[in-house]
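Undergrad: What follows is each chain in one-letter form.
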Amino acid sequence: MQNGLANRKTERLTREGLDRLLLALGGNRDEAAARYERLRERLVFFFSRRQFILAESLADEVVDRLASRLSTGEPIEVPESYAYGIARLVAQEEGRRSIREAEANRHYTRNISSVFDTQNEGEIQEAMEACLGRHSEEDQKLLMEYYTSRGRALIDHRRQMAEALGMTSNAFRKRVFRLRRAIESCVRARLSLEDGTR
Amino acid sequence: MNPSSNPGEFRDFLLDRLSPEQAEAIEERMFQDEAFFADLQDAEDDLIEEYVTDALDSAEAKIFAARIERDPDLRERVALRRALIRTLQRIPAEVARTEPPRATPVRRRMWSRFLVPGFALATVILFFVAYTAEHGNGVPSQATGTAKTASGPAGTQQEATAQATAVLFLPAHGTRGGVQQPSVLHIGSAALVRLELETPSEESSTRWNVQIRDANGTVFSADGLGPRQAGVVSYVVAEVRASLLPPQAYQISLSPQASSSGGVSSSWDLDVVK
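Chains as they are written, first to last, in the numbering used here: chain Y, 1 to 198; chain V, 1 to 274.
Don't take each hint at face value.
[What the hints assert, rightly or not] Which bits of chain V does chain Y cover? Going by a derived footprint, with three or more residues having C-beta under 8 Å, they are:
(1) 42-49
(2) 57-65
(3) 248-254
[Stated by the list, open to error] No farther apart than 16 Å at their CA atoms in a straight line, the calculated lysine to aspartate or glutamate pairs in the EDC-like style are these:
(4) LYS141(Y) - GLU129(Y)
(5) LYS174(Y) - ASP214(V)
(6) LYS174(Y) - ASP42(V)
(7) LYS174(Y) - ASP46(V)
(8) LYS62(V) - GLU49(V)
(9) LYS174(Y) - GLU184(Y)
(10) LYS174(Y) - ASP45(V)
(11) LYS174(Y) - GLU34(V)
(12) LYS62(V) - ASP12(V)
Read the hints as simulated data drawn from the structure, not as lab findings. Beta carbons are placed, not taken as given, at the ideal position from N, Cα and C, and that holds for glycine.
Hey, can you work out the whole structure from these sequences and the hints?
TA: Structural data, given as structure tokens:
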């Protein structure tokens, strides 16, 4: 799951390193923090796709190294591109050891399982219903039309929905995705809250 | 979609069917280009949907299942999608039979609203109060800027919980050019965003097309307008659900329909903020 900037563990990433990183990411602190999160999201994606189990920890490792380089005063023009270079290096290093060995030798403080792993389907379903219910009937219908259509007519059906709303297919799709992600965020928050109160 | 994004290539990338060189090129690009990465995430969303609905062929499903097994975040997203689809499938059948939301009902609602006697007057009063609160002067001045919002901290606070209102100032008939003044609309907890048109002249018999666009294209469009009144006139151009306007930058454009007898096209930049 996403980890906010405030929740980042700081054993290795010093305050100075973090400040330098945010400075390198530009803008005000909020904008830099948002850009940081987007960078971290890409790093997690990078390691996940390469099937590293500890993708989040490896992403943090890259961020730590990037901050460390910045602390030495090394000029880095585009932090994201530089981070990609570090990520490849970390992936190579990690690939040289077996995942089992890596797990045994590292001291990870973050739980790599998802809160969903301990939740039963009924609880997820219940949270989903509650979160969906917070949206308008129109939004619910939109999602239902979008996600419950099946078969060969699916693409045509979605195109017709977009046309009915006066939108391009792509803009329509983005709208549905935004709506769905908002509902998913709500479910995550709800389940995390319940998990924390147990 | 980003012009350089290739859905087929994304799919192959996500299912590990590209050469290492091709895969690295995509990885490199996703670190350089956020829009490209967003498209890649959308492609992964599609794969999740196909996996959950058993639309992948067996070889693809096997590859994807292996990824899910190793990736807790992906596992979570699959669980969420499955729950969403199941929940949607349980929505009563009578709801499913209704038409998808269309732009035209908004227009119908708008026209029927204008049939209510006194509504236009109430709108003018509302605008007048909001404008006076902010400027201490009831008459809008073209010289001091003709695009603004009348909601948020200095605007119609009493309506903020249910509705946010953007007042679009249209230059007088015959005035050349539109208005390009940045504006901020505070939607707060509003459920409805109302676009009102303010014009110092009577735009007789004019029907309008209104479009709201974000960086990805048009998110809302409608046409039509209510009855005209002489002098300073304010009336609703369109109503949009706030949930359709997530906080970001938009451009609103208002243009007369070809068959109309008058009107000047205008456009406004609008930043919607919480």
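Undergrad: Run every hint past the structure and note whether it holds.
TA: Against the structure, the hints come out as follows:
Beta-carbon proximity to chain Y at under 8 Å applies to 3 residues in the region 42-49 of chain V; the threshold of 3 is reached and the given coverage holds. With a threshold of 8 Å between beta carbons, the proposed coverage of the region 57-65 of chain V by chain Y is violated, since 0 of its residues qualify and at least three are required. With a threshold of 8 Å between beta carbons, the proposed coverage of the region 248-254 of chain V by chain Y is violated, since 0 of its residues qualify and at least three are required. As the CA atoms of LYS141(Y) and GLU129(Y) are separated by approximately 14 Å, the hinted pair is consistent with the 16 Å bound.
Only pairs whose Cα atoms come within 16 Å are accepted, and LYS174(Y) paired with ASP214(V) is accepted, the gap being roughly 11 Å. Pair hint LYS174(Y) plus ASP42(V) holds up; C-alpha atoms about 9 Å apart against a cutoff of 16 Å. Simply put, LYS174(Y) and ASP46(V) have alpha-carbon atoms about 12 Å apart, close enough for the 16 Å limit, and the pair holds. Taking the CA atoms of LYS62(V) and GLU49(V), the gap is near 15 Å; set against the 16 Å cutoff, the hint holds.
Annotation: proposed proximity of LYS174(Y) to GLU184(Y) holds, straight-line Cα distance about 15 Å (limit 16 Å). As the CA atoms of LYS174(Y) and ASP45(V) are separated by approximately 11 Å, the hinted pair is consistent with the 16 Å bound. With a C-alpha separation of about 15 Å, the suggested pairing of LYS174(Y) with GLU34(V) holds against the 16 Å cut-off. Between LYS62(V) and ASP12(V) the CA atoms are separated by roughly 14 Å; this keeps the pair inside 16 Å, and the hint holds.
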